Amino acid sequence: MVRVSEIAQRLKGEVIGAPDIEIRGVNGFELAEPDELTFAEKDYLSRLGETRAACVIVPKEFKGPSSKTLVKVANPKEAFLAVIYFFYKPEKYLPGIDPRAVIGQRVKLGENVTVSPCAVIGDDAQIGDRTVIEAGAVVGKRVKVGSDTIIYANVTLYHDVRIGNRVTIHSGTVIGSDGFGFVEKDSIQIKVPQTGTVVIEDDVEIGSNVSVDRATFGATVIGKGTKLDNIIQIAHNCQIGKNVLIAGQSGMAGGAIIEDNVVIAAQVGIKDHVRIGKRAVIGAKSAVKDDVPPGVTYIGIPAKDARIVAKEWAILSRLAKKRDKGK
Amino acid sequence: MVRVSEIAQRLKGEVIGAPDIEIRGVNGFELAEPDELTFAEKDYLSRLGETRAACVIVPKEFKGPSSKTLVKVANPKEAFLAVIYFFYKPEKYLPGIDPRAVIGQRVKLGENVTVSPCAVIGDDAQIGDRTVIEAGAVVGKRVKVGSDTIIYANVTLYHDVRIGNRVTIHSGTVIGSDGFGFVEKDSIQIKVPQTGTVVIEDDVEIGSNVSVDRATFGATVIGKGTKLDNIIQIAHNCQIGKNVLIAGQSGMAGGAIIEDNVVIAAQVGIKDHVRIGKRAVIGAKSAVKDDVPPGVTYIGIPAKDARIVAKEWAILSRLAKKRDKGK
Amino acid sequence: MVRVSEIAQRLKGEVIGAPDIEIRGVNGFELAEPDELTFAEKDYLSRLGETRAACVIVPKEFKGPSSKTLVKVANPKEAFLAVIYFFYKPEKYLPGIDPRAVIGQRVKLGENVTVSPCAVIGDDAQIGDRTVIEAGAVVGKRVKVGSDTIIYANVTLYHDVRIGNRVTIHSGTVIGSDGFGFVEKDSIQIKVPQTGTVVIEDDVEIGSNVSVDRATFGATVIGKGTKLDNIIQIAHNCQIGKNVLIAGQSGMAGGAIIEDNVVIAAQVGIKDHVRIGKRAVIGAKSAVKDDVPPGVTYIGIPAKDARIVAKEWAILSRLAKKRDKGK
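Residue numbers (the numbering used here), protein chains in the order written: chain B, 1 to 327; chain R, 1 to 327; chain H, 1 to 327.
These aren't lab readings, by the way, just hints derived from the structure by calculation.
If you're wondering where the values come from, they're calculated on a predicted model, not measured in any experiment.
Be aware that one or more of the hints could be misleading.
Simulated pairs of lysine-lysine, DSS-like, Cα-Cα distance not exceeding 25 Å [what the hints assert, rightly or not]:
no.	chain 1	residue 1	chain 2	residue 2
1	B	Lys278	R	Lys185
2	H	Lys89	B	Lys141
3	H	Lys42	B	Lys289
When you get a sec, could you build the whole thing from the sequences and use the hints?
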């Protein structure tokens, strides 16, 4: 339990209301219990009565009356993120190589590495300082993993892939499986060897059950700071920029190029070799078959500028209604 | 081989035809071989000649003539399910902890638990009576698994998740990976710690390669008796009710609420925080972005009442044909 | 480094230009570096100046001038595939059973089998000559795997499934999990036991994180020479023919029949019991709910003949534009 006055002090915020209330934890606006703290911005400020939280972090310019105890700060969302760590202690890993882990020949392990039971590290692999390889994860031959990275249980890293620093890869994810490349000859599919690799840059997070294929030649790349949700397909030779967000069950075909700061919603498909420009946004369930200019929002199957799609959907709806009345 | 007369006796049914035929097994209407038994209801009753099965279970009120040997019962589907077990013996697991399994410290194992080779159970976990943990499965620290549950090979349960009684989780599935929560600050994505957990209630079955994320706060919940197919994404804080059916490759975004007895077909996407009312049905490949009232059928992208969508599809089709003729 | 003259000699091709150039590797038209070789056919022949590759394989009838060194051959794509192997040596596996692998009772291992650490092979399984079972893979009881097959790390093969010769199965893939079969009784879902198996024929390749369910009765079949990409769902009793191509994140529901040489693009859904005729092509993101005749191309939600869909999309687009002008 932490007192509101103490929280306000650490946030350099101002308390309006009861500074002595004790807070058990933090939670979202709709989910918070009476002894929890939440935050509110914009529209939520007019609905403060709807949260059960006793205490709400609000912007310092907020004037409205409230039955809640308020903590006024410059940036409520950021302050809220900071408060989480007053209550939440991330899992600590004890450094050390479990005797039931399998370490190949000529493996280079950094300082304070953790390798859990039944993890398997292939010959000539390199693991950076303080990196964690969880139970059942398989690290292929000659793989390089940076420092402060966590490879969760049952992840598979194929041979020769490169993983940066401060990377998180969740369970069931596969990095470096063969790209889907075949050439038809007399009705038989002949495999094109996938001779390339995968490069995951620093500060990337990849969710669970994701598949990232190695390049046919060269490397499939996931840029610094990019975050992938679960069950995503990244085909061979995709080039994903920095600080990109990709939501669950989306997929991109071979050689697609996603520039920096793009946001891709869930269940989107991107055609091979298409380029998505910087800061573009792709709506959920879209199928992108042409290049997308920077900064715009595309949606639909096939995806078009969201303003055009809205018109098409409206017309179809109107026609259907008109016909109804005509009857 | 089992005689039809014996099957009829065990089902308390009436044989019409040859009671001495011997049956080798059971199968679906279209798939059955001449020495197998199947069942028929409704439309299938007028097509009895189309199955190759020698013997068909039919409703007791069925009057039609047939060249097949029939077994008349009150509820043919239920009787058929019972007959399966005359021929099918489920896999038995020998209780015991394989010496090549890895059991952490202070783990509490119930009676007659099975733990297979290379399964890893973390410190302070609890496993209920008669539960099976198959090869390569990883059970995190402090996880609680109930009784009579089966965790198949290469499943990953992250720390602190709770799994009920009589639960089945198929291979490659990940329970408790981090929710996809980031806050943008100066074009960089900052991780929101996922401090909650996952609760899987009794009698749930989850298919293979499914991802169920832990909650940001509180718990992602899958309710009693709910069944999930393969490759499904359940995001952080989803609340799934009881006896829900979700087909393959569907996904629901953060905080979606699926009420009891909802049926979701394959490749559906549900937007974050949307609520699907009791007994609603969502058609395949739909994108649900608004709340769905109880009991209705929604379909489409975006999903609407199925009767409206049928009209829109018909109009588009008619316009395309009209234009063709105009040429 | 390999000289162009040597490459031409091995391909029985003709050099136009500088035969003494040394080549470091091969790459795609757009990706090649100046010391790499690529190939060009059709449209690409008019754009030879756009690749940075020093040397390009072209058809022998190509007449155009070029600043590149050319190697003329009968079939450039095939020649290119051959050249890959001048530079690329596939990973070799040392035969042998790692002492940290787990081999059940009465397992029959062929000659020169490789079993890596923490792989688990169940009782009564059979593994053919020269087959590789990688780290963390789990092979169930009574499974039969053919010769020259590779089962990558963390694959799960459930009991009794049959895998052919020269098959490749990538990491995270699950073969033989239970089909999704339930019967509702008093609002409760009762499981239909999945008593069948899976048969993967010779020369099949399956990507990563794929789920192939066992049949309710009989077998789910993937035919000889068929290639599956990543994150694909094959439900119980699907019958997939020979030399079929299925791209990433597609799924087929129970009992779907895919005939020989069909091509299914990415993120497609196929309804249960639908039949796709020989050599049909299904466009990306389609939802197929009716049978597809042989040889045609279907696309859309629901999928129809691609020529009809193109008209519908055009009309909708035209109506939206007309309305705009009307304003």
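Checked hints:
Pair hint B/Lys278 plus R/Lys185 holds up; C-alpha atoms about 17 Å apart against a cutoff of 25 Å. At roughly 15 Å between alpha-carbon atoms, H/Lys89 and B/Lys141 fall within 25 Å of each other, so this suggested pair holds. Of the supplied pair hints, the one linking H/Lys42 and B/Lys289 holds, its CA atoms being roughly 22 Å apart against a limit of 25 Å.
Of the numbered hints given earlier, the model fails none.
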